[in-house]
Structure formats: structure tokens, C-alpha cells
Amino acid sequence: MIAVVIGLLAVPLAGAALLLLFTRAEPASGAASEPASESASGAVEAYVPPRLAGPGWIAGPSPHWYGVAVSGITLALALVLAASFDYGRAGVAQFEVDRPWIPGLDLRFHLGVDGISLPLVVLTALLTFLCFVHLVRHRPDGGRFRALAFTLLVLEVGMIGTFLALDLLLFFVSFEIVLIPMYFVIAVWGGKDRAAAAVKFILYTLLGSAVLLLGLLVIWAHTGTLDMVALARAHGAGMPRTVQIVAFLAVAGGLAVKAPMWPLHTWLPAAHTEAPTVGSVLLAGVLLKMGTYGFARIAIPVLPEGAAAVAPWLGAFAVVGIVYGSLACLAQRDLKRMIAYSSVGHMGFVLLGLATLTPVGMNAALFGNIAHGLITGLLFFVAGAVKERYGTAELSRLGGGMLTRLPYLGSLLTFACVASLGLPGLAGFWGEMLALLGAFDPAPGLPRPLFLVFMAIGGAGTVLTAAYFLLMLSRVTHGRADEPIGDAGLPEEPLAETAEAAGAPRVRTPLAVAEEPVEPVATVATVAGPPDVPGPRLGWPRDVTPYELAAWSPLIVLTVALGLWPKLLLAVTDPAVQAFLGAR
Amino acid sequence: MIQTIDYAALAPPLILAVVAGVVLLLDAFLPRTARTPATLGLVTMAGVLGALAVVAAQAVKGLTLSTFCVPADPAGGPACSFVVDRLTLVFGGVILAAAVVVVLLSMALLTENDPGSPDSAPPVPGAVPGRAGRVIPAGEWYFLLLCALTGAVTLPASRDLIMLVVALELVSLPVFALTALKRYDARGSEAALKLFLVSVVSTAVMLFGVSLLYGMTGSVHLGRIAARLACVPLAAVIPGGAPVGVLVVAVVLVVAGFAFKVAAVPFHFWAGDVYQGAPVPVAALLSVISKAAGFAGLIVVLTVALAGQARIWAPIVAVLAAITMTVGNLLALRQRHAVRLLAWSSVAQSGYILAPLGVAGPDAAAASVTYLAIYAAMNIGAFAVVARVSRASERNELDDYRGLAFRRPAEALALAFFLICLAGLPPGLAGLFAKIVVFREIVQGGAGWLAVVMAVNTVLGLYYYIAWAGRLFVPAPGLASEPGRTSSRPLAIAIAVALLVSLALSVAPQLVLSATG
Numbered sequence: 001m002i003a004v005v006i007g008l009l010a011v012p013l014a015g016a017a018l019l020l021l022f023t024r025a026e027p028a029s030g031a032a033s034e035p036a037s038e039s040a041s042g043a044v045e046a047y048v049p050p051r052l053a054g055p056g057w058i059a060g061p062s063p064h065w066y067g068v069a070v071s072g073i074t075l076a077l078a079l080v081l082a083a084s085f086d087y088g089r090a091g092v093a094q095f096e097v098d099r100p101w102i103p104g105l106d107l108r109f110h111l112g113v114d115g116i117s118l119p120l121v122v123l124t125a126l127l128t129f130l131c132f133v134h135l136v137r138h139r140p141d142g143g144r145f146r147a148l149a150f151t152l153l154v155l156e157v158g159m160i161g162t163f164l165a166l167d168l169l170l171f172f173v174s175f176e177i178v179l180i181p182m183y184f185v186i187a188v189w190g191g192k193d194r195a196a197a198a199v200k201f202i203l204y205t206l207l208g209s210a211v212l213l214l215g216l217l218v219i220w221a222h223t224g225t226l227d228m229v230a231l232a233r234a235h236g237a238g239m240p241r242t243v244q245i246v247a248f249l250a251v252a253g254g255l256a257v258k259a260p261m262w263p264l265h266t267w268l269p270a271a272h273t274e275a276p277t278v279g280s281v282l283l284a285g286v287l288l289k290m291g292t293y294g295f296a297r298i299a300i301p302v303l304p305e306g307a308a309a310v311a312p313w314l315g316a317f318a319v320v321g322i323v324y325g326s327l328a329c330l331a332q333r334d335l336k337r338m339i340a341y342s343s344v345g346h347m348g349f350v351l352l353g354l355a356t357l358t359p360v361g362m363n364a365a366l367f368g369n370i371a372h373g374l375i376t377g378l379l380f381f382v383a384g385a386v387k388e389r390y391g392t393a394e395l396s397r398l399g400g401g402m403l404t405r406l407p408y409l410g411s412l413l414t415f416a417c418v419a420s421l422g423l424p425g426l427a428g429f430w431g432e433m434l435a436l437l438g439a440f441d442p443a444p445g446l447p448r449p450l451f452l453v454f455m456a457i458g459g460a461g462t463v464l465t466a467a468y469f470l471l472m473l474s475r476v477t478h479g480r481a482d483e484p485i486g487d488a489g490l491p492e493e494p495l496a497e498t499a500e501a502a503g504a505p506r507v508r509t510p511l512a513v514a515e516e517p518v519e520p521v522a523t524v525a526t527v528a529g530p531p532d533v534p535g536p537r538l539g540w541p542r543d544v545t546p547y548e549l550a551a552w553s554p555l556i557v558l559t560v561a562l563g564l565w566p567k568l569l570l571a572v573t574d575p576a577v578q579a580f581l582g583a584r
Numbered sequence: 001m002i003q004t005i006d007y008a009a010l011a012p013p014l015i016l017a018v019v020a021g022v023v024l025l026l027d028a029f030l031p032r033t034a035r036t037p038a039t040l041g042l043v044t045m046a047g048v049l050g051a052l053a054v055v056a057a058q059a060v061k062g063l064t065l066s067t068f069c070v071p072a073d074p075a076g077g078p079a080c081s082f083v084v085d086r087l088t089l090v091f092g093g094v095i096l097a098a099a100v101v102v103v104l105l106s107m108a109l110l111t112e113n114d115p116g117s118p119d120s121a122p123p124v125p126g127a128v129p130g131r132a133g134r135v136i137p138a139g140e141w142y143f144l145l146l147c148a149l150t151g152a153v154t155l156p157a158s159r160d161l162i163m164l165v166v167a168l169e170l171v172s173l174p175v176f177a178l179t180a181l182k183r184y185d186a187r188g189s190e191a192a193l194k195l196f197l198v199s200v201v202s203t204a205v206m207l208f209g210v211s212l213l214y215g216m217t218g219s220v221h222l223g224r225i226a227a228r229l230a231c232v233p234l235a236a237v238i239p240g241g242a243p244v245g246v247l248v249v250a251v252v253l254v255v256a257g258f259a260f261k262v263a264a265v266p267f268h269f270w271a272g273d274v275y276q277g278a279p280v281p282v283a284a285l286l287s288v289i290s291k292a293a294g295f296a297g298l299i300v301v302l303t304v305a306l307a308g309q310a311r312i313w314a315p316i317v318a319v320l321a322a323i324t325m326t327v328g329n330l331l332a333l334r335q336r337h338a339v340r341l342l343a344w345s346s347v348a349q350s351g352y353i354l355a356p357l358g359v360a361g362p363d364a365a366a367a368s369v370t371y372l373a374i375y376a377a378m379n380i381g382a383f384a385v386v387a388r389v390s391r392a393s394e395r396n397e398l399d400d401y402r403g404l405a406f407r408r409p410a411e412a413l414a415l416a417f418f419l420i421c422l423a424g425l426p427p428g429l430a431g432l433f434a435k436i437v438v439f440r441e442i443v444q445g446g447a448g449w450l451a452v453v454m455a456v457n458t459v460l461g462l463y464y465y466i467a468w469a470g471r472l473f474v475p476a477p478g479l480a481s482e483p484g485r486t487s488s489r490p491l492a493i494a495i496a497v498a499l500l501v502s503l504a505l506s507v508a509p510q511l512v513l514s515a516t517g
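Quick note, the sequences are listed as chains A and B, same order.
Residue numbers for the first sequence follow the UniProt record's numbering, so the first one is 1 and each next one is one higher.
Residue numbers for the second sequence follow the UniProt record's numbering, so the first one is 1 and each next one is one higher.
Looking at chain A on its own, in the form it has when it is part of the complex:
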């Protein structure tokens, strides 16, 4: 079984390395794979040195299925891990690997899974796999698909590593691995303002990571160990209260940037909006969870006194985030941006659950994590599909009538939104409900009246959440179908026109400092889709494709399953949570 744990990291890493070894260079705009960019491909070949322009890498076997295969193996390994996991002992780390790596830093290659990390590992492997399935047919413009596959595989190594690590520094290293790949995903394959968004993302999160590192080192300096298992078992023994508070502030500050907690969330809307669909899905589905996972795994169990001192503040910021996120959503004009802000609100519920320091609240947080990963992953997939078809995600330009025009897509959008707003019976409900329940009865030592206020505000937040989602749905999915065509473009080729307008001024430079515009690339492909599929009829783009359906259906199934049978997940997380909070 240890081989499986190591394989979870080794398979994507080896897959990425193979891609690197066999890729000499790639055309700038994916000439091999994107039919619509043929006009650009001539220019591409003109400036690639002839030595590199051999057939081996342009016309060679396309990596359509390579990423699917590698991430599929990883997912299979994750499922094997889940199948052989001993659910009777979910509270302790299983399948531990513990080897010295860098003795000079006390850094051990210490991996393992328990009830807290197992669901997240499976979620990560699943979402990465689904992203690759989605990518088989739905490439973000920007080309260079091999590079994208390489980046996503490295990203997967970092994400899984974060959830498997049982050594503080190893956790930190994995936490950092995701930064550079995500930067490039946004900066190379992103939307119009990707340069600024990518830089903002990486600078913000690196600042958080640096502060997190300081907090971890404070813990290490006072306890002399980096072993998370031992530290969690010690429940803060050996660290005076002030040290715990300082360390908690640093660790929580670093994690709160990633989570993100209001007011440290400002990188998120830009990054989510500009990232390509797969980037948004992984960012919302997994990367945000790394922050809250860090709270549940490190900050609260290792620094209980610090957590108790700071928890009221954490709860306050969490409920402000809930309300702020909802209000911001009401004001958004862009679908992706709206979903991004909704993440701020949902992660507010997760943080509120953590702040209660009770088993109920912690379970709520872990449940909310998974539910948010599934639902928001689905939402971003659907929003990406909408943007791909309409050429824009601006609500005013989308117009209404999606249910008439694209019935399947419209229904899926409705389903995802309803799940996200916390309809009972779907996964989104339990995380929010349990978090509020946890706030009703916070851990002893925490001011109960304050948490009752938090609960009330959070409850109001759920109403606001429902308000903005329903408002959006009423504007986009209902109504008459001919609205957007009237005001968004010419009647002859309305959708292509909008796409041109959105895509043409793009300059493919990831950094704001670049001056001269470079050739625009692959602008029309966003709407037309692959040529083997019947092209768009007049104003009626294709509905959901089989690849999209394949990528989305597991998320739908799991959302329903967890909604109807929450014990499926709670039974796994609860023993670990009890163990972490037990000695309190």
C-alpha cells in the first residue's frame, strides 16, 4: 500500500517528466490541434528554427489522451487507496511512509492518509482527471497543449502532496509547488487581463506562504519536531500561550490568504475570472481547500491555545466574508466573477465551522470543503462552457432563455446553482447547516453570544446566497431566447461576432510590461468548436458535448449522493476530527 501512496505523487511527476523529455518546443498557438488557428500556424512555423520544426513534434502523436491516461492512473491509485483504507481507524494516519530526506533541515519524507485527508486526495485526483477529460475536446486558446498538460500534472503533484504530507516542511514545500504552475496556467492560457491576474495571484499567495513558513518555523523552534502526527498528539504541549498565539497568527494568516478569508481574498476574483476553465476548476476545487485543510490539520490541532484565542476573530472574519461575498455576487456582471465571489462566501462557512473549534464545526468545514470542491468545480465547468459558446460570460450580454436555446446546459447551470445555494438534499446544504449548528454551540471557552450572532449573520448569508443565484438564473436561463442577439451582434453571425470582439484585441503576453502587440491568435475557435461537430446554426451553438458530459457527470452524481447520504463522508472525517480535538 505504501507503493500506492508514493505512486500518487510519482505517477503525475513521472508523467510530467516524460512530457518534458519528449517535448522539444511547441508552436505558440497550438497549430497541430486547433483547426481554427490555421491562419496563425503559418506564421508559427516561420519563426521556429527549422531544426526544431521536424515532423516529430508537430505532427507527432498528439497528447490528447496522454493527460487523461496519467491522471486516470492517479485517480485509480486514489480509489485503491480509498478502497483499502481502514475506515474503523479513520482517526489515525494510515499507509505511512517515513523516510529521511534532508536531515540537515529535519525534513522527512513523511506521507500518510487519515479521515481528513483521504476525501481531499480523492477529490483532487478526480477533479484533475475530469479536467483532462474536458481538455480532450475543449482546449483553452493559447495552444501549447503539451505545456498545459505538463503544468497541470505538476500542479497535481503539489496538490496531492499537500494533502498527503505529515511533515510540516514537506507540507510547506508541496503547498509552494502549486504556485508556479498555476501562475503559468493563468498567465498563458487565461483571459484578457490574465497578466495582471496571474501576477496578483502569485504575489499574494507567496506573501501568505512566506508568513506561513515563519509560523511553521516558530512551531519547530519551540517543539524541535516537524512531525505533524506527534505535534497533533501533543496538543500544543511545550509551547507557551503567547508563542502559540504568535504562531497561530502567522500560520492562519498564511492559510487565510489561500482559503481565502475576507479581507485577504482580493486576488481570487481576478484569478478565477481570467483563468481558463480547467484553471478555475482546480483553483476553486482544490487550491482553496489547501488553506482550510491547513487549518484543520495544522493550525487548530497543533496550536489549540492559539486557536482558542484567535477563534472569535476568525469567526468574525468568516461571517463578514459570507455577507461580503454574497453582496459582491449581487453586484457582479460577469458569470465567472460571480462564481468566484460566491467562493468567498462558501469558504466563509467553512472558516466559521473551523472557528467553532467543535467536532460539529470541524466536520462541517471538511464537508463544506468537499461539497464546495464538487459544486464549484461543476459551476466553473458549466460557466466555462457558457463562455466558450457565447464568447462572453457577461450576464448582460448572455441575455436570457438559455433553457430554451441550450436546454441541457441551462439545466446543468440551474442544478449547479441550486446545489451551490444550499438546497437541502444536495451536498451544499450540509456544510452550511452544520457550520451554523456548530456556531450555535461553540467550544467551551469561546463566547457563546458572539457565536450566536455569527450564526444569525451566517443564516442571513444563506438567504443572500439564494438571492443572487436565483437572480442570476432568472436572468440567464429564463426569459426569451432572442434577447442577446438583438443587442449583442449582427443577426447574420451574432455569436461569432461577439467572440471576435472579445478575442481580437488580445495580446498574447503574460506580463503587463510588454509593449508592442503580437499577432492575435486563435480567436474564432472559441465559438465554432471542432469542425467534425456540426457547426453552430444561426445563433444556436451546440449544447453539451459528450466530453463535457463525461467530465461533469461524476460531479453531479457525487453532489446528489453526498446530499442524500452525508454520512458517507462524515463517517470518514469524524474519527479524525474527534482525535484532533479529543484531548481538549
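Source of the hints: derived by calculation from the structure; they are not laboratory data.
Hints are supplied without guarantee of correctness; some may be wrong.
Straight line, CA to CA, 20 Å or less: simulated SDA-like cross-link-like pairs of lysine to any residue [unchecked claim]:
id : chain 1 : residue 1 : chain 2 : residue 2
1  : A       : K567      : A       : I556
2  : A       : K567      : A       : E394
3  : A       : K200      : B       : L460
4  : A       : K200      : A       : I245
5  : A       : K200      : B       : L330
6  : A       : K200      : B       : A467
7  : B       : K194      : B       : A177
8  : A       : K200      : B       : L333
9  : B       : K61       : B       : L503
10 : A       : K200      : A       : G104
11 : B       : K61       : B       : Y7
12 : A       : K192      : A       : E394
13 : A       : K567      : A       : P546
14 : A       : K567      : A       : Q578
15 : A       : K192      : A       : T266
16 : A       : K200      : B       : R334
17 : A       : K567      : A       : K192
18 : A       : K200      : B       : V456
19 : B       : K194      : B       : A256
20 : A       : K192      : B       : L330
21 : A       : K200      : B       : V459
22 : B       : K61       : B       : A467
23 : A       : K567      : A       : A82
24 : B       : K194      : B       : P266
Which stretches of chain B does chain A cover? Using the computed rule of at least three CB atoms under 8 Å from a CB of chain A, they are [what the hints assert, rightly or not]:
id : segment
25 : 385-397
26 : 413-426
Ideal Cβ placement from N, Cα and C applies to all residues, glycine included.
Fit chain B to the known structure of chain A by using the hints.
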């Protein structure tokens, strides 16, 4: 007094000095053909590798060798001027390994400038027409390079003040000449003059501090200075003898002298112009070898001679470190020229190297040296790629790097790796671990403010490193047509060596950690 000399201990600098002489003779007597520069380069390389082999052998044996000793006398126990211990060997290894890359860069530069060689460059702009001939004389170049290396290898072994100063000058003086060796190049001459003036002033400042130390303790040997300062508690000094103020002044002056060499703020002004004006191999030499030598001297003086006076110098060094990293990063933010950016970024990196010394913990020197060793590998790699690109585009601005990933994927990936290493992020794990070592030392020493300053600086640094690395992957059709200069084998080897070392340190930083601590 007859001193016995342990030639085994002296072997590395001796080899370098002897090869320097050989190179000069060969240059004078060898028939001048197109192959002469290459031959001289190979001789130089052999010398450097020989010295490196000796250092490695000494490290394997693990003995502490010392020579040029004076016997015990009433003034104190026996004291040696030249000591080969672990610190010396680590510095020697780092300096000589970096020297291998610098020699490779030099070989590429000198063949490029040789009109007789097949892949020679068109005349350098600014060269006076009609005075054809080598723009850079190879013999002198390698001679000066070897002289500087001799000094750099001697410096970490020096354990007396005079030897320290002499070795430091031996590092500095040849570098002035190397900077200006590109004839008819106004920028190079200006850079050399600036470097010369700054360096001479710093030497004067340091000599003043050294003389004060000698005056207070009556000894030039570092060990004896420490003993004197320890047996006379500072409180006792104040009433009768030298006031404590003198000691503070001496410490400040000595630190200031070394601060010039490592380009620490406020003595950093020369770095930008000099790095940009000098040939790229010299810039690499300045940023890695000369800097390593400066740090060797600083660490030796602070941790051997002034070990007991940490509470005087630690706050000074801590403030110096904080200012250095901040100013260096802020200056680097706005740079558009590749070498200038590396110049300011290496100023900032000096700040990170200084930081552990600012808390003066028991492992401070080890942390500094670890960072320095890893920094040397990644920085020299970045310079190697810059040297490669500057062959194609004389301007060498950041915009010339746009789309490098499509023109030269291997070099672009290597440069991206080095830059991300310097920024300290995975996949550049070497840089990340180096930063963790420094952070750990600071946090353990309890200097929280310095840790926060450094954390913010890490973010500042990332901004310009990632901006540069991002450019590599942006298509730039305008730069598509490259002049028909074929690739150069020494440069490719140089990049490969630096890349392999950086990768090795990423996977197993323990290699450095076990050597230093």
C-alpha cells in the same frame, strides 16, 4: 625564526598561482594561431580542476591543516596564518566550482572575439576600425583570472589580518583589469574606473579598522585577537585603556570594508554600472566568486576574531542585511537590462546571506555559507544563459528574452529554472531550501522583525524573477531571425554544469548542509 611550510595545505592557491605563470609564459612564447586562446583556456581549466581536486581530496581526508604558524609566546598560544578547515574547504569548493563555469564562459567569449576563429563575431561596436586584432587578449585574461582565483582561494584560509587584506586585494586588483580588458569599450573602462575607486576606498576604510584592532590587541592573528578581547572584558577596558567606542569603530570600519566587496547597501552603488559594463564572465565572477571571497573574509573576522563581541556587530549586520535586501529588490524591480537586473538581485541576495549573521546564533555562519553555496550554483547558471543570449543580441535587454522558449527551448528552460530557484519557489527547490535554512536561523535567533522583512522581500524578488521567466514563454515573432551564430560548446557545457548542480541541490540539499554544518 624558521617556519616550516606545509605545502599540502597550500596546494590549491599554489597550483593556481603556478598555472597563472604558465599561462603568461605560454602566451608570450607560443606561436600565435587561431587556436592559442583555446589552448590557454584549456590550460587554465586544467589548473582550476587541479585545485578543485586538491580541495576535494583535503575534504575527503577531513584533517585540519595549518601552516605559517608562530610558536607560543608570552602574548598567547601558537597562532597560524593559514588554516585549512571545513569552512575553508567549503568556500574553496564553491569558488573553484564557480570558477569552472567562469572559465567556460571566458573560453566562449574569447573565441567569439578572436577574428581568426570560425565563429567569430562581427566587430564589436565601438572598436576602432583598422586596428584589427583580438579585442580581448587571451593570455592576459586568463592570467588575471587565475590571479583573482588565487586570492579568492587564499582568503577563506587566512587567519591573520594582514593575510586577509593581501588576499582581498589579490581578488580585487585583477578584476579591475579584467573589467577594462575589452579594448575600446567605453562602458567597460567606465566600469573599471568605478570599481577601482570604490574598491580602493573600501580597502582604505578596512585598513583603518584593521589597524585599530591591531592597536587594541597587539596582534594580527585572529585567534589571539579573540583571546585578548575575551580576557579583557569590555567593562574593564573603559576606565583605563581603550574605550569601548574604539572597538565599535573598528568593528564598523571592518564590516564596512567587507560590505563594499559584497555590495551591501549603502555600499552598493557600483554594482549596476560595473556588472553591465564588464564582460559577462567578469560580471559572473564579481557576483559569485568575488562575493564569496568577501563573505569568507567577513565570516572569518566576525566568527573567529570578534566572536565574543557579537552584541556589537550583530545588530549592525542585521540592519545592514534588512536594508540590503530591500534596496536591492526595489532597484531590481525597474530594471530592463538583464545583467543590471542580476546585479541588483545579487545585491538583494547578499542581504539574505548576511541575515543569519545578524542574529549571531551558533549556526549562523553555517546558514550563511549554505545559502551562499546554493546561490552560487543558481546565479552562475543564470549568468551562463545570459552570456549565451548576449552572443545573439548585443543589447541584452529583458525584451530580447521574449520567446526564447521557442527559439532555444533548452536554454530557456534552464534560465527559467535558475530564476525560479533564485526566487526560491518550487520547482526550484534548491533556492527554497536555502531560504528555509536562513529563515530557520533567524526565527531561532528570535529576530522576528528580520524574518518578516525577509518574507516581504521574497515576494518583491519573485515579482521580477517571474516577470523575466514569464517572458521566455511569450511568442515574439519579431525576434525570430537570429544571426547565424552557431551555439558554442563551452557555453553549453557551462549551462549544463550549473543546471546539474542546481538540480542535484534541489533534490539533495543535504550535500551542502552536511558540508557546512
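Hint-by-hint comparison with the structure:
The straight-line distance between the Cα atoms of K567(A) and I556(A) is roughly 18 Å, inside the 20 Å bound, and the hint therefore holds. Restraint check for K567(A) and E394(A): not satisfied, since their Cα atoms lie roughly 39 Å apart, outside the 20 Å limit. Annotation: proposed proximity of K200(A) to L460(B) holds, straight-line Cα distance about 12 Å (limit 20 Å). Among the hinted pairs, K200(A) with I245(A) is inconsistent with the structure: their alpha-carbon atoms are about 29 Å apart, more than 20 Å.
The straight-line distance between the Cα atoms of K200(A) and L330(B) is roughly 17 Å, inside the 20 Å bound, and the hint therefore holds. Between K200(A) and A467(B), the direct Cα distance comes to roughly 12 Å. Compliance with the 20 Å bound is thereby established for this hinted pair. Taken as a hint, the K194(B) and A177(B) pair is honoured in the structure, with Cα atoms around 12 Å apart against an allowance of 20 Å. With a CA separation close to 15 Å, the supplied pair K200(A) and L333(B) stays within the 20 Å bound.
Only pairs whose Cα atoms come within 20 Å are accepted, and K61(B) paired with L503(B) is rejected, the gap being roughly 27 Å. The suggested pairing of K200(A) with G104(A) is violated, with an alpha-carbon distance near 34 Å, which exceeds 20 Å. Proposed proximity of K61(B) and Y7(B) is supported: the alpha carbons are some 16 Å apart, at most 20 Å. Only pairs whose Cα atoms come within 20 Å are accepted, and K192(A) paired with E394(A) is accepted, the gap being roughly 13 Å.
Only pairs whose Cα atoms come within 20 Å are accepted, and K567(A) paired with P546(A) is rejected, the gap being roughly 32 Å. For a cut-off of 20 Å, the pair hint linking K567(A) to Q578(A) stands: about 15 Å separates their Cα positions. Pair hint K192(A) plus T266(A) holds up; C-alpha atoms about 18 Å apart against a cutoff of 20 Å. For the given pair, K200(A) sits about 17 Å from R334(B) by alpha-carbon distance, which is consistent with the 20 Å threshold.
A hinted pair counts as satisfied when its Cα atoms are at most 20 Å apart, and K567(A) with K192(A) does not qualify at roughly 43 Å. As the CA atoms of K200(A) and V456(B) are separated by approximately 15 Å, the hinted pair is consistent with the 20 Å bound. At most 20 Å may separate the alpha-carbon atoms for a hinted pair to count; K194(B) and A256(B) meet this at roughly 18 Å. At most 20 Å may separate the alpha-carbon atoms for a hinted pair to count; K192(A) and L330(B) exceed this at roughly 28 Å.
Under the criterion of a C-alpha separation no larger than 20 Å, the hint pairing K200(A) with V459(B) is consistent with the structure, at around 11 Å. Between K61(B) and A467(B), the direct Cα distance comes to roughly 45 Å. Violation of the 20 Å bound is thereby established for this hinted pair. Only pairs whose Cα atoms come within 20 Å are accepted, and K567(A) paired with A82(A) is accepted, the gap being roughly 16 Å. With a C-alpha separation of about 16 Å, the suggested pairing of K194(B) with P266(B) holds against the 20 Å cut-off.
With 0 residues having a Cβ less than 8 Å from any Cβ of chain A, the segment 385-397 of chain B misses the three-residue criterion, and the hint is violated. Counting residues of the segment 413-426 of chain B whose CB falls under 8 Å from any CB of chain A gives 4; the rule of at least 3 is met.
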